[in-house]
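The lines below spell out each chain.
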Amino acid sequence: MPPATGGGLAESELRPRRGRCGPQAARAARRDVAAEAAARSPKRPTRGSRRFEAAGRWALLALVTLLSFATRFHRLAEPPHICWDETHFGKMGSYYINRTFFFDVHPPLGKMLIGLAGYLSGYDGTFLFQKPGDKYEHHSYMGMRGFCAFLGSWLVPFAYLTVLDLSKSLSAALLTAALLTFDTGCLTLSQYILLDPILMFFIMAAMLSMVKYNSCANRPFSAPWWFWLSLTGVSLAGALGVKFVGLFIILQVGLNTIADLWYLFGDLSLSLVTVGKHLTARILCLIVLPLALYTATFAVHFMVLSKSGPGDGFFSSAFQARLSGNNLHNASIPEHLAYGSVITVKNLRMAIGYLHSHRHLYPEGIGARQQQVTTYLHKDYNNLWIIKKHNTNSDPLDPSFPVEFVRHGDIIRLEHKETSRNLHSHYHEAPLTRKHYQVTGYGINGTGDSNDFWRIEVVNRKFGNRIKVLRSRIRLIHLVTGCVLGSSGKVLPKWGWEQLEVTCTPYLKETLNSIWNVEDHINPKLPNISLNVLQPSFPEILLESHMVMIRGNSGLKPKDNEFTSKPWHWPINYQGLRFSGINDTDFRVYLLGNPVVWWLNLLSIALYLLSGSIIAIAIQRGAQLPAEVAGLSQVLLRGGGQVLLGWTLHYFPFFLMGRPRSHPLPGILWDTLLRLCAWGLASWPLARGIHVVGILSLLLGTAYSFYLFHPLAYGMVGPLAQDPRSPMAGLRWLDSWDF
Amino acid sequence: MWGFLKRPIVVTADINLSLVALTGMGLLSRLWRLTYPRAVVFDEVYYGQYISFYMKRIFFLDDSGPPFGHMVLALGGYLGGFDGNFLWNRIGAEYSSNVPVWSLRLLPALAGALSVPMAYQIVLELHFSHCAAMGAALLMLIENALITQSRLMLLESVLIFFNLLAVLSYLKFFNCQKHSPFSLSWWFWLTLTGVACSCAVGIKYMGVFTYVLMLAVAAVHAWHLIGDQTLSNVCVFCHLLARAVALLVIPVVLYLLFFYIHLILLFRSGPHDQIMSSAFQASLEGGLARITQGQPLEVAFGSQVTLRNVFGKPVPCWLHSHQETYPMIYENGRGSSHQQQVTCYPFKDVNNWWIVKDPGRHQLVVSSPPRPVRHGDMVQLVHGMTTRSLNTHDVAAPLSPHSQEVSCYIDYNISMPAQNLWRLEIVNRGSDTDVWKTILSEVRFVHVNTSAVLKLSGAHLPDWGYRQLEIVGEKLSRGYHESMVWNVEEHRYGASQEQRERERELHSPAQVDVSRNLSFMARFLELQWRMLALRSDDSEHKYSSSPLEWVTLDTNIAYWLHPRTSAQIHLLGNIVIWISGSLALAVYSLLSSWYLLRRRRNVHDLPQDAWLRWVLAGVLCAGGWAVNYLPFFLMEKTLFLYHYLPALTFQILLLPVVLQHISDHLCRSQLQRSVFSALVVAWYSSACHVSNTLRPLTYGDKSLSPHELKALRWKDSWDILIRKH
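So the protein sequences, as listed, match chains A and B. Count along the first sequence starting at 1, add 439, and that's the number in the working numbering. Count along the second sequence starting at 1, add 585, and that's the number in the working numbering.
Among these hints, one or two may not hold up.
[Claimed, not checked] Just a sample of chain A residues kept apart from chain B, beta carbon distances all over 10 Å, derived: (1) HIS513; (2) GLU576; (3) THR920.
[Said to hold, decoys possible] Partial selection, computed: residues in chain A whose CB lies under 8 Å from chain B: (4) PHE704; (5) GLY705; (6) LEU707; (7) LYS933; (8) TYR946; (9) ILE1056; (10) ARG1060.
Rather than coming from a laboratory, the hints here were simulated on the basis of the structure. Even glycine gets a Cβ: it sits at the ideal position worked out from N, Cα and C.
Please build the complete structure, drawing on both the sequences and the hints.
Next comes the structure, spelled out in structure tokens:
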């Protein structure tokens, strides 16, 4: 890196204040004295022409914004039925309106905003959002779609301003805006009730404000500097609050900030105190502020969703006690476990669920043909078990017997209440985890054999203690084989109703998979105590909900023989996604990027890498570049580098994740945005004349391709593209596109 | 010219006696009683079976790594004259007398022994003192985990050897670069770097980490070279070209060579054939080749074929049908067409035969001359044994209700017409007029009426379908998926018009003669792809551990227990070295960041050459640790303690570097320096003591009493086996 001269900033601080941040990035100026001199030497343009120029810029921005809004809001109401993932996110919006608790793998902000938009626009939360294709009928859905389209429309002006700031080239910025406006993929995603437009809005806002605050670096601690810095923080919180993919933009801003601080730290003209101030400002705005906002969204989330709903079972017993309508809410149950109690047993690992059994048998060939035992996330009568002594079958609820408590180390038998079979294990291999033993329901009316005996143990307790409901962490050890009852967390195939596998593991390693607690507890002979002591604190529920989300995320795996898109499909626009409709009579919407735009992007990235490396090598070889080229190469390497970094961060991690579907889409679009910018930058160092013609023809070309492909986004009815009568005939350039 | 007459011929030899001594001690520690225990120890049971396959020249597929590692082990077996006859089924099984245990274990032990002097050399080439270099080598020498791992038929020690060799030869090359570029030794070390890297990759995919590190270091050095304006452009270009050839081209070529030798050696068919494509199987001697040898190549109208699904998951299977029909009503209440079932069946069976029929004609025999079927042709597929034709219609499939049911058509006279026309699409066609070829062509069957594609759904049918796999017509032809692609495996031209005769014909094997060969690249690509795609799901093992437990040595692996006494072998490290290695790493990172920050403010604590030395040592050693350790956090496979050993060796190299740095730059006075040296000596003696204490668990040569074993269990998480009687 070139040595810091140090003089630049000190001088620039003396310059008269201007209303807005100078267009020239101070950093570049400081490092390149020649460039700074060149920037300052041209004679100042006269006042009038400057005003005229400013007006022109504003007009252009307005035009770009207008066009973007026009394309996004055009035919927004069509189709009037549920498309693709609207069924999820619309439903979740309804949950907020109905205030029922649910579980989703994404953080709540996006869905909360959708819910809010629906609420404000008069949607009452009564539509069921059952499956794609259901008609909305009288339900008001335009508010939610409009909100998403509104946020999605802002992408274009944001991208325009970002590129303008990075490249200082109006034509590059215009081109970016055009490519983005005319991309059918981006357009389609912005028109429906999805998280993606919200996520992309925040990501782009973060990028824009980061670039803006970078260009304010010559006037640190000024009002605009603070404004853009804190706006970056706010957008980061927003991005992360919508989906965890937001972590990548955080990473990008983080890297940028670290580099920034590193330069400041190396600037010997700044005292350590000043550097400390810089550091503190960034910690405040980029760490503390986003964290606070992010936590706040969760606080709102928990406050709004106060009623029991479909997500209860994913969470621990203590968590459920918060939800009104849940049977643990304000409940009072007997405190100590006694023989004869009817209980539900919940695995302590998040999102495993309750010990469950049902009348179905294990299929032939999979262990012994006995009754299945699984774990199940939802509340159900089949989750109820009766705790009995191992040696007597007498009814302990008989009032003539005294209450006998279960103690740590006792030998017990668990009888399934609905089917009267005992929890049983034996030396047969478990259905999925072959090295564990199978767990079944065995015996008739509670009479089984010695393989039904389990020793109940409380973790970290002495023998002989009583067992507390909800609070004791218990293990069940099979007496004959010495194995521990646990759930592997693997999903059983169809025969097991896609519930989770329960096994008896011979490895006594202590993991949460093999630790359980007693949740419901019914015993008429015992006095009830109130459970309000259970109320968890906010940090606890925050932590727990994150654990559940992370587990939910890692649990999503593609199955064999399932079509999944792979990361390498995306940049080449290999295949699209049916949003709605299959047959030629349906109203069809097909998510597919405008191939002209996408392939141009691909080209531009190659071009960028080529020109970037040539310039970098030339500089490293010490070649004397002409002043103009030197300035350009600064833009190319620094601005383009930023964009390329963003693309890398948002694209390559997906290769590691091995997760298909929902995730990639924001990734694709994000990379489009970034490559658009890269393209704009790469096109910059052309000669003037060719430059103008080239840009114009590119603009017109993309507009024409948009005209060709617009039915994909706005919807089409009629014959499929194979049919020569279709308007899309001849446009199916790849066999893998099926519109 | 006659100079040698005037002067005496003198050979001067520099022998570094300490190096010799280190090598000797290394050999002694690794080779001592190598044949003990004469029983299968831990993963020997796993690698052993592959050695046997090599000895018997039987093809196998192992997803754990490229074949070079297995070949190194097999070389030992070859040298010892092993015939491959041993049943590798149980850890602890006694070796029979035909197993040359010594030579099987020799190569890993040699690699482990040579790592000791190499550690010495590396530290020396990093320009640290002889003393530090000795320290590194001595630490390697007494590290129990490294000793255990090298004395057995396992691959980690070989991997570590090549990792160190790559680092060492790069350093030698880098030091040559300063005074004599393009000299003979410069070329030698540069090439050796590339060779060592590709050997490391060839042993385990883990070797890639070190390779990437070396590439990164070489790239940074090359970047500096580009910035060196005293060199001419041509010279710079030559430098870059030489590096590219040695570090990129040579490794790739070598890697291909490993596979080439592997495939040359293993030419017989074996138990893993099923996973491979038909074409691959046909290239092996025996197995499918024996069946398909002499089949006609081009499929013609009237051909009798078996169709294998290319995807082959969950199991490889063939398109199948049988007399039974779909049940009228399924368990969940949905209805079916009640026509004849079509399934995918994982075993060879006479019901797997289908006849390719021309829809325009009636006969089921091949005309003469045969009329080959081409891409785009319309065909009917007639089931050989029942003469019903393959059909699909708008009825939901039994288990995948979103797809169409596929059946063999039975006319119930209920206004449900036969829809049995299929269009043949050859997926891997060269041109649109390609002929459908046995084994080689991968085809899709597209239903003419509904444009559904014949597909293996992967689900097992319930009892009524004999738990065979479900076949469906997939309407959403979303792109290409291998489960929709089929190839002809067995094939013959049908000759008999009569059903009875045809049945007899179906039962008899095919005869005519055409032989095929797959090119090496095609076989390599397929093998490599299958190796990477194979997923074994034994997600839990008694001794598996998580990466976090490795740094502090919270886990161990019991490798072997004597059948009668309590002599046992454990993979258990020298805890003093592990802890101090991690400490050294922490000290290094703290000191480095401190120096970096101070340099940024223009305070130079170290002289420039000391600083560069410190940075290079850190990049190679701490970097080597990081690249060999951190990626494990992202992996989902079962991990064991031995995965940490390559990272550990880099940590051991870093230790003396940090110690010397402290003594040279942080100890201000002579007194401090002496005190520090004394401390280091004391610390090393304690490491020796620990190593000696753990020796019975490393070599397994001494049976300890339960009391002594309990005393060795320093951490609760260590699993030391104590006999109960």
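- prompt: For the hint on A/LEU707, does the least C-beta distance to chain B fall short of 8 Å?
  reply: holds, 6 Å
- prompt: At a threshold of 8 Å, is the proposed contact between A/PHE704 and chain B supported by beta-carbon distances?
  reply: Hint on A/PHE704: holds, closest Cβ of chain B at ~5 Å, below 8 Å.
task: Please verify that hint: A/GLY705, Cβ, nearest Cβ of chain B, below 8 Å or not.
output: Cβ of A/GLY705 sits 5 Å from chain B, so the hint holds.
message: A/TYR946 was flagged as interface toward chain B. Is the shortest Cβ-Cβ separation under 8 Å?
response: holds, 5 Å
- prompt: Is the Cβ of A/HIS513 more than 10 Å away from each Cβ in chain B?
  reply: holds, 28 Å
Non-interface claim for A/THR920, where every Cβ of chain B lies beyond 10 Å: Check passes; 15 Å lies beyond 10 Å.
task: Could you check if A/LYS933 really has its C-beta closer than 8 Å to a C-beta on chain B?
output: holds, 7 Å
- prompt: Holds or violated: A/ARG1060 as interface residue toward chain B, Cβ cutoff 8 Å?
  reply: holds, 6 Å
field: Closest CB of chain B to the CB of A/GLU576 still more than 10 Å away
entry: holds, 25 Å
- prompt: Taking the closest Cβ pair, is A/ILE1056 under 8 Å from chain B?
  reply: This interface hint holds because 6 Å falls under the 8 Å limit.
The structure meets every hint from the earlier list without exception.
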